[in-house]
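**Q** Letter by letter, the chains look like this.
Number of protein chains: 2
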Amino acid sequence: MNYNEQYDFYRRAIEETLQAIVPCDVPQPLQDAMRYSLLAGGKRLRPVLLIASYAMLKEDFTEALPFAAALEMVHTYSLIHDDLPAMDNDDLRRGRPTCHKVYGEGMAVLAGDGLLSLAFETMADSAHPKAFDAMKELAMRCGTRGMIAGQCKDLQAEETGGDEETLHYIHLHKTADLLTAPIVMGLTLAGADEKQLAAGREYGRNLGMAFQIIDDILDVIGDEKTLGKSIGKDQEENKCTWTRIYGLEKAREDAQKYTDMAAESLKIFQNQGNFLKILAQRALVRVQ
Amino acid sequence: MNYNEQYDFYRRAIEETLQAIVPCDVPQPLQDAMRYSLLAGGKRLRPVLLIASYAMLKEDFTEALPFAAALEMVHTYSLIHDDLPAMDNDDLRRGRPTCHKVYGEGMAVLAGDGLLSLAFETMADSAHPKAFDAMKELAMRCGTRGMIAGQCKDLQAEETGGDEETLHYIHLHKTADLLTAPIVMGLTLAGADEKQLAAGREYGRNLGMAFQIIDDILDVIGDEKTLGKSIGKDQEENKCTWTRIYGLEKAREDAQKYTDMAAESLKIFQNQGNFLKILAQRALVRVQ
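Residue numbers (this note's numbering), protein chains in the order written: chain H, 1 to 288; chain S, 289 to 576.
Just so you know, the hints here were simulated from the structure itself, not pulled from any lab data.
Check each hint, because a few of them may be wrong.
[Unchecked claim] In silico DSSO-like pairs for lysine-lysine, Cα to Cα no more than 27 Å straight-line: (1) H:Lys250 <-> H:Lys239; (2) S:Lys527 <-> H:Lys101; (3) H:Lys101 <-> H:Lys277; (4) S:Lys545 <-> S:Lys521; (5) H:Lys101 <-> S:Lys389; (6) H:Lys130 <-> S:Lys418; (7) S:Lys331 <-> S:Lys346; (8) H:Lys233 <-> H:Lys267; (9) H:Lys58 <-> H:Lys233; (10) S:Lys389 <-> H:Lys239; (11) S:Lys418 <-> S:Lys545; (12) S:Lys565 <-> S:Lys418.
[Unchecked claim] If we take Cβ atoms under 8 Å as the criterion, some of the chain H residues that face chain S in the derived model are: (13) Cys24; (14) Val26; (15) Leu30; (16) Leu57; (17) Lys58; (18) Thr62; (19) Pro66; (20) Val102; (21) Glu121; (22) His168; (23) Gln196; (24) Leu197; (25) Lys239.
Quantities reported herein were computed from a predicted structural model and do not represent experimental measurements.
Where a beta carbon is used, it is the ideal one built from N, C-alpha and C, also for glycine.
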């Protein structure tokens, strides 16, 4: 399989898992609101990263799928809450009206809470011997010193404008933490040793920085229809972005730098690291 | 120690744990918002239930304290989100302005998300051999077929009025699930057998039903100052409560009935069950 076929293969397995993940006895309309946001498509980047990391060491990734689904649920919960009027106030997400636009704000708060809880419930239901370690990694990365810390600084920076230090903090925690979690979780579940885990952590951090910088660039040069979300919003809201602090040219250079560093981190995995290497490079193409 | 001394002994140990539980490197004002709501006092009922259940089987409850703190964090997160304008729209909680009144809605959403995540992080950091089982119980009870399911039905019932079936569903999930979790978690951590766990589950469910019915009654006959929260709100908002569906007299009878059943469930623990028996009976006194 070439890269695209491989990505689609992983993504189809993930979609199938996600389709069945919200239990049928969850009351309506909560069940619908959770499914609406979770099944809105998207690249499924985080779960693909988890499966691909797992697959570097072990071919049959079936037992990793519940953890991949948990990651997508955590990501989706963060988007639902982030889109709320009290936060980023977004009407459009993945090309469709945001959750609170369709189900109301109260239900959107609950749908987010529900997805976060279901993520932990799903992992806790797994009999995988490394389930506890994977949960520990995700709890830390999505928590108050991880993703939520990044969101908090992001929210604050809208008022103060933010500086270089704040920018790095936001990108590291708001984005890179939830791209590092899948790598570490996938490797952990597949039985990686400490050296492999360290390389995975390095890759995740560099990939995360590159992705958020690319996202910042696309908010300036991108096309709303292709992206499926509102653009130009960062500038409107005085967001602390790479382009605002460093300008478009340096943003492009740094996106390249972090992408190269991400690829470099994968050396230890030799040919098994090819998929994740290409994945990092493909994102960069969009802003070149 | 008599009952009150015992309760205070447990509560002091829990307060001390909670004081130190929000990490100092969580960014401001998120850290403050989390502490503001978490350290607002209150009876600490859920963590006390966990410690007391653990103490029925094992005297030194030190290793159970992080789990007790996790429960209080889950409870507090649910209150913060429940108080939001899009949900119950409450200005007063534990005698003080609600989290979003002080820190704004966006920060209140994040503080809730942060406390839920920190609850799982705290449990995952524990080296207790039963940590995974305790997490599993909490994830299920606080999730989309537990507490959140109850909140969803509660939110809906404001529009439809709700019927008997809805009422039982709401009380069972919105309240009883998060009072059953501490019992099962405490017993699990202390190494209980299946018979003891079944008795604990029974006690938790009955206690939970009794407590929510008592809460419904207090919303009708209670005093705002003593309770530290707004009263009469249930009626105003057409909430699905025991008093509205069954009337005040039957509500009092049923509170008595569930309290008796809770006490009965503890038989298997003999004298070790005395504290939890009195705990159930003390609540009832407030509405007699």
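**Q** Confirm or reject each hint.
**A** Now the hints, each set against the structure:
no., hint, result
1, H:Lys250 <-> H:Lys239, "holds, 17 Å"
2, S:Lys527 <-> H:Lys101, "holds, 24 Å"
3, H:Lys101 <-> H:Lys277, "violated, 38 Å"
4, S:Lys545 <-> S:Lys521, "holds, 26 Å"
5, H:Lys101 <-> S:Lys389, "holds, 24 Å"
6, H:Lys130 <-> S:Lys418, "holds, 14 Å"
7, S:Lys331 <-> S:Lys346, "holds, 23 Å"
8, H:Lys233 <-> H:Lys267, "violated, 38 Å"
9, H:Lys58 <-> H:Lys233, "violated, 42 Å"
10, S:Lys389 <-> H:Lys239, "holds, 25 Å"
11, S:Lys418 <-> S:Lys545, "violated, 34 Å"
12, S:Lys565 <-> S:Lys418, "holds, 26 Å"
13, Cys24, "violated, 10 Å"
14, Val26, "holds, 4 Å"
15, Leu30, "holds, 4 Å"
16, Leu57, "violated, 23 Å"
17, Lys58, "violated, 22 Å"
18, Thr62, "violated, 21 Å"
19, Pro66, "violated, 13 Å"
20, Val102, "violated, 14 Å"
21, Glu121, "holds, 4 Å"
22, His168, "violated, 13 Å"
23, Gln196, "violated, 21 Å"
24, Leu197, "violated, 17 Å"
25, Lys239, "violated, 14 Å"
Checked against the numbered hints given earlier, this structure breaks hints 3, 8, 9, 11, 13, 16, 17, 18, 19, 20, 22, 23, 24 and 25; the rest are met.
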